[in-house]
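Engineer: Protein chains in written order, with our numbering: chain A, 44 to 548; chain B, 44 to 548.
Check the hints yourself; a few may be wrong.
Just so you know, same-sequence chains aren't split out, so a pair can sit in one copy or run between any two.
Claimed, not checked - Below are the SDA-like pairs computed for lysine to any residue, each with C-alpha atoms no more than 25 angstroms apart in a straight line: (1) K169 x S271; (2) K540 x T363; (3) K173 x A272; (4) K145 x A66.
These aren't lab readings, by the way, just hints derived from the structure by calculation.
Because the structure is a prediction, the values reported are computed rather than measured.
2 protein chains.
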Amino acid sequence: MSEPDAPAYTELIGHLQESALLASCSHLLGWDEQTYLPAQGAEHRAEQMALLAGLVHERTVSPRIGELLSELDRIDLGAETAAAANVREARRSYERATRLPKELVVELSRVTTLSQQAWVEARQAKDFKKFEPWLEKVIALKREEATAVGYGDGVPYDALLDDYEPGMTAEKVQAAFTPLRDDLVSLVQQIAGSSVTPDRSIVTRAYSIDAQRAFGRRAAEAIGFDFSAGRLDEAAHPFCSGIGPGDCRLTTRYDEHFFPQALFGTLHEAGHGLYEQGLNRDAFGTAMGHSASLGIHESQSRMWENFVGRRRAFWEHFLTPFRETFSTALGDVSLDEFYAAINIVEPSFIRVEADEVTYNLHIMLRFELEQLLISGDLSAADVPAAWNQKFEEFFSLSPPDDSVGCMQDVHWSAGLIGYFPTYALGNMYAAQFFNAAQSELGDLHQQFSRGEFAPLKDWLRTNIHQRGHLYQADRLLEVVTSETLSHEPLTDHLTSKFGELYNLG
Amino acid sequence: MSEPDAPAYTELIGHLQESALLASCSHLLGWDEQTYLPAQGAEHRAEQMALLAGLVHERTVSPRIGELLSELDRIDLGAETAAAANVREARRSYERATRLPKELVVELSRVTTLSQQAWVEARQAKDFKKFEPWLEKVIALKREEATAVGYGDGVPYDALLDDYEPGMTAEKVQAAFTPLRDDLVSLVQQIAGSSVTPDRSIVTRAYSIDAQRAFGRRAAEAIGFDFSAGRLDEAAHPFCSGIGPGDCRLTTRYDEHFFPQALFGTLHEAGHGLYEQGLNRDAFGTAMGHSASLGIHESQSRMWENFVGRRRAFWEHFLTPFRETFSTALGDVSLDEFYAAINIVEPSFIRVEADEVTYNLHIMLRFELEQLLISGDLSAADVPAAWNQKFEEFFSLSPPDDSVGCMQDVHWSAGLIGYFPTYALGNMYAAQFFNAAQSELGDLHQQFSRGEFAPLKDWLRTNIHQRGHLYQADRLLEVVTSETLSHEPLTDHLTSKFGELYNLG
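Given these sequences and hints, build the entire structure.
Structural biologist: And the structure:
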């Protein structure tokens with residue numbers, strides 16, 4: 044791709060790439076913190092992360108960037124070109140960062156590192172009180188952040204949401220969630236009234252963890268994750284970290300008596316990993332070598348987890364080797380029984396173990412609570428009560444303790460407020476992308492049933508991954524699918540799939 | 044400990060601690076590079092390491108340090124006080140660093156990172172030609188480093204050696220090695236003429252790697268390594284990395300048919316780890332929170348590996364559980380047979396698998412070759428021939444290929460020239476320290492045979508670890524043992540131990 048012949052552009056790109064290189068060091072430290080760090084090393088790690096965050100922030104707000112951006116204002120970079128995208132995102136990031144005092148950035152890094160350690164301990168001890176002071180500190184700092192960033196005519200929450208899903212607001216999210224919620228509530232009610240009762244015991248029998256580990260790796264490899272450029276490890280809260288070109292790390296967690304957690308979790312993280320591995324390596328550090336938004340990122344993970352991994356076709360290919368690996372658990376199970384068991388729809392406590400249908404309701408609950416935390420209408424101390432009340436309202440269930448209630452996710456302890464809604468946006472994007480891929484690639488079901496995942500992977504690489512952040516999410520969606528954001532493809536997918544599974548009218 | 048009431052001192056310490064914090068980030072990246080980094084991530088890692096090295100170097104040569112040191116010149120910090128030691132070492136490090144151009148530091152970091160990757164591949168392929176251009180680059184850069192640092196009336200090699208063992212010169216090393224070499228050659232000849240022939244098969248039977256891993260961890264724990272503040276992982280070339288307070292990482296490598304490699308390797312690295320874990324945490328980043336020299340560091344690892352781990356008393360305690368774990372391999376083996384088998388003296392190819400007696404000859408060989416490389420009297424291309432010729436001379440053996448010859452160690456690929464002699468110095472220091480401990484703690488043999496290692500560990504902590512770099516190595520030796528450096532305690536230890544084992548007159 045040709046680049047503008049402007050020294051200011053070359054200098055800007057060099058600066059951005061070096062900043063990204065420095066930030067990638069802290070990504071490795073962050074990965075290590077969640078996987079291999081000894082307990083007593085937590086405090087030192089917090090100091091390391093704070094130092095790096097401060098150094099990255101210093102570079103991000105360097106007045107030289109402001110000067111370069113001013114110079115580039117006077118140059119025509121074309122419409123929807125790589126250079127225009129790189130400069131657009133550099134400007135967005137510079138403007139956001141220059142509004143944040145360095146002290147706040149350093150304090151956020153320090154507090155969220157320690158807060159995550161406190162969260163791990165509090166969750167293990169099922170003792171919210173141990174986490175409460177940390178949540179309070181995190182929320183106070185995130186409110187400071189929102190005030191510093193600014194939010195125009197909107198609400199403070201918008202300033203946080205915009206960091207993960209550029210251009211998105213609480214109001215727009217609510218507008219997309221409302222019709223989806225109506226559809227889901229109706230679908231969940233129909234399923235609850237169905238006479239079909241899949242055999243849940245199929246997924247809760249004993250599946251040796253070593254064999255789960257090997258099979259998860261095999262599945263990730265099958266869909267195209269490249270282990271010569273990545274890893275799969277264990278972490279309390281699974282994530283994918285794209286550290287840099289050639290180094291993308293997935294994590295998962297294993298439960299001997301609930302194999303879907305690790306297997307679909309691995310496919311989920313591998314979906315994120317395929318996005319990272321599919322980015323243009325030479326563009327590392329610039330918008331063109333970066334994902335478009337968290338919602339788009341999530342569309343990739345949810346597509347491989349649900350639209351592929353929980354599809355009948357996937358198991359037409361994989362059930363035979365899976366049954367060979369776990370013959371004691373699965374000797375007597377048919378494809379129909381297995382497929383029904385991995386797609387049971389039922390209100391439950393844990394978001395990351397939730398089925399495709401109720402999952403989005405978990406997101407809506409968190410979205411409502413974190414808006415209240417940021418507006419100041421809910422205090423950290425009142426989170427367990429508010430969570431449990433809303434949970435009862437959404438799912439007609441009461442969490443037995445906070446470890447499976449308001450402390451189940453790492454996000455709040457890590458300061459990731461405004462992140463949750465991108466999960467449900469991802470589900471909507473995924474449905475739209477999958478329809479577009481299907482219409483171009485022919486019968487994906489047939490391909491999956493033969494173990495052929497390369498056509499979909501390559502299509503995603505060409506249409507989404509390699510485009511980096513050339514477009515904002517809404518424009519990317521339009522370019523790839525010729526549609527604007529809509530909940531309907533997701534509703535159609537869920538209604539059709541679960542209508543068949545639960546024999547609904 | 045009271046600190047001088049001088050703003051310059053406070054500022055200097057703050058600066059040093061922040062630099063150490065930044066350097067500790069690159070230590071974590073270095074550990075990861077050797078343990079978990081995916082192959083395709085090597086290039087990005089090299090860029091990360093080079094960037095961090097550059098940033099650390101910038102801080103290390105900051106003119107502000109020069110100003111602070113000048114101010115502190117005018118303050119009486121006392122004799123052998125913590126403050127005096129911190130300032131002395133800050134000055135030594137500043138003077139060394141200001142002589143090195145930043146470009147050289149960055150290039151050394153970049154080249155040695157890639158060179159280590161090339162070394163791994165060349166070693167696996169047994170193809171020195173793949174490594175040769177990298178070795179050539181490393182040597183050229185190290186010669187540049189020696190020239191930049193300066194070496195007074197000495198030789199360029201001294202400038203490199205001084206980085207690992209402050210105050211030591213090639214001439215002094217040679218003076219210590221010469222009498223030791225005479226003693227060892229004589230001892231090896233006597234052993235070769237002995238009619239005692241221990242059963243080597245005892246150490247080469249099948250020892251499952253999983254069980255070796257568990258036993259190695261148990262042994263490291265038994266001697267006092269704290270796993271809540273550390274880890275044990277696998278690496279091609281084992282090392283110990285003290286990343287920071289509460290985070291010290293050991294590595295080892297396993298061979299199903301040669302258990303001593305991992306077991307004594309783990310005790311060796313755990314010896315280093317005990318030193319790191321025994322340092323004063325609050326003094327992190329200053330001389331007082333740092334080891335005294337690599338030779339002193341090695342004295343700790345060799346003490347736990349050889350003076351403890353290969354001692355009869357250690358196995359009076361551990362043979363029973365070891366035999367239970369490996370009953371197929373060891374069911375019929377007595378303590379005497381086992382003790383003899385783990386102490387077989389025999390010329391062999393691999394330094395890290397060498398016995399206590401011939402080990403020092405491996406060091407002397409490397410010491411001679413690397414002096415020639417740095418003086419320019421030996422080119423990288425001629426290293427295999429020179430190695431093999433000298434090996435024949437020292438051991439009457441010819442390495443079958445370079446992977447067990449000149450490519451067996453990571454050091455040269457990592458730019459660690461001048462490092463090897465500290466291993467043999469460590470053996471001499473260890474013998475002297477062990478005698479001192481023994482005379483203060485009573486019958487260590489009795490204690491070990493009951494599985495009591497805390498008295499020795501605590502004595503080392505008090506006398507060596509907690510003193511940090513208060514003294515230079517020679518002064519520390521004098522304070523702790525009331526002796527100066529001598530090869531005699533090592534000779535006495537080896538002569539007595541192997542005289543008994545091989546029934547020598």
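Engineer: Decide, hint by hint, whether the structure agrees.
Structural biologist: Hint by hint, here is what the structure shows:
Taking the closest pair of Cα atoms, K169 and S271 come within 25 angstroms of each other only across two copies (22 angstroms); inside a single copy the shortest separation is 39 angstroms, beyond that limit. Taking identical chains as interchangeable, the C-alpha atoms of K540 and T363 lie at most 25 angstroms apart only when both belong to the same chain, with a minimum of 22 angstroms there against 61 angstroms between chains. For the identical chains of this complex, K173 and A272 are inter-copy neighbours only, at 22 angstroms across copies versus 39 angstroms inside a copy, given an alpha-carbon limit of 25 angstroms. Taking the shortest Cα distances, K145 and A66 sit within 25 angstroms of each other both inside one copy (15 angstroms) and across copies (22 angstroms).
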